[in-house]
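Participant: Sequence:
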Amino acid sequence: MPDINSIPEVLYQPNQPYHYHYDNLPLRNILTRIGLVNIQVDTNTDLIRGAAGTAGSIDARLNVALDDAGNLNASAIDAASHNIGYHADGIGADLVEYVRMTLEERDKLSLIESEANKIFIEVEDSYPTIGITTTLDTGTVKFEGSSTILLDFVAPNIIKFYSALPPDVSHRHYYGVTPANQNVMTPDYTNFITTSINTPYQEDTLRVYINGVRIYANAVPVPNTDATSFLATYVASEDYTTGDFALNRALTINDIVRIDFDELFF
1 MPDINSIPEV LYQPNQPYHY HYDNLPLRNI LTRIGLVNIQ VDTNTDLIRG AAGTAGSIDA
61 RLNVALDDAG NLNASAIDAA SHNIGYHADG IGADLVEYVR MTLEERDKLS LIESEANKIF
121 IEVEDSYPTI GITTTLDTGT VKFEGSSTIL LDFVAPNIIK FYSALPPDVS HRHYYGVTPA
181 NQNVMTPDYT NFITTSINTP YQEDTLRVYI NGVRIYANAV PVPNTDATSF LATYVASEDY
241 TTGDFALNRA LTINDIVRID FDELFF
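Taking the working numbering, I'd label the letters of the sequence shown as residues 1 to 266.
Here are the simulated distance ranges between beta carbons:
#, residue 1, residue 2, range
1, 102, 40, 51 to 61 Å
2, 163, 203, 16 to 26 Å
3, 90, 55, 29 to 39 Å
The hints are simulated quantities; they were obtained by calculation from the structure and are not laboratory data.
The beta-carbon is built from N, C-alpha and C at its ideal position, and this holds for glycine as well.
Modelling step: build the complete structure from the supplied sequences, incorporating the hints.
Facilitator: Here you go:
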């Protein structure tokens, strides 16, 4: 606003033919109102000048942020003020829930193939030079126990493995048993059974002794009961599932036969 104090006041003077005290009252009120308006205009002017900032004018400053239609210019948005770090997690306008992710998390996520559902497991057995690589198409690893390995869940994410004695190796040892003849009424001293009830034995555990000498698959000279001569004999065949075994030749009633074997438990 111009400096109105430099403009002479339009008032009646004492030397003029007026009663200047009374006649000047309306003019003085007008001058007072003009002064008040001038003060407010100066105040508003200072605010407008301050709002222009360094752009020189308010319109120049607004043109930086707004287009001609009054819409916000996208190029005027400060990217630093819109960093994702300033945003809160939550559901967006599309009703999809979003969460922020760090660069490390995003890099790790980029390593996962789309719709990945496979896992590669490398199992190294007792020999360090041998490795077995297995690909699972379902993405699910299933641990299954066996007769020698038991599994136990001790925590939601901990599985313990326990070794166990499989039932198929449980057996009982028999030593110095006198076998029975297969035909009790008319024994031929050639065909025998382990016991009177044909006890089955574990394969390769039968040991036959004649007069104190163990018989093998090959011919073994066996002395007779008075040790005056030798009898060459061997185990001709055996059937561990039924408890039978047979010699290649008959013994005498005086020969002593003993057997050792291991009985299986099923």
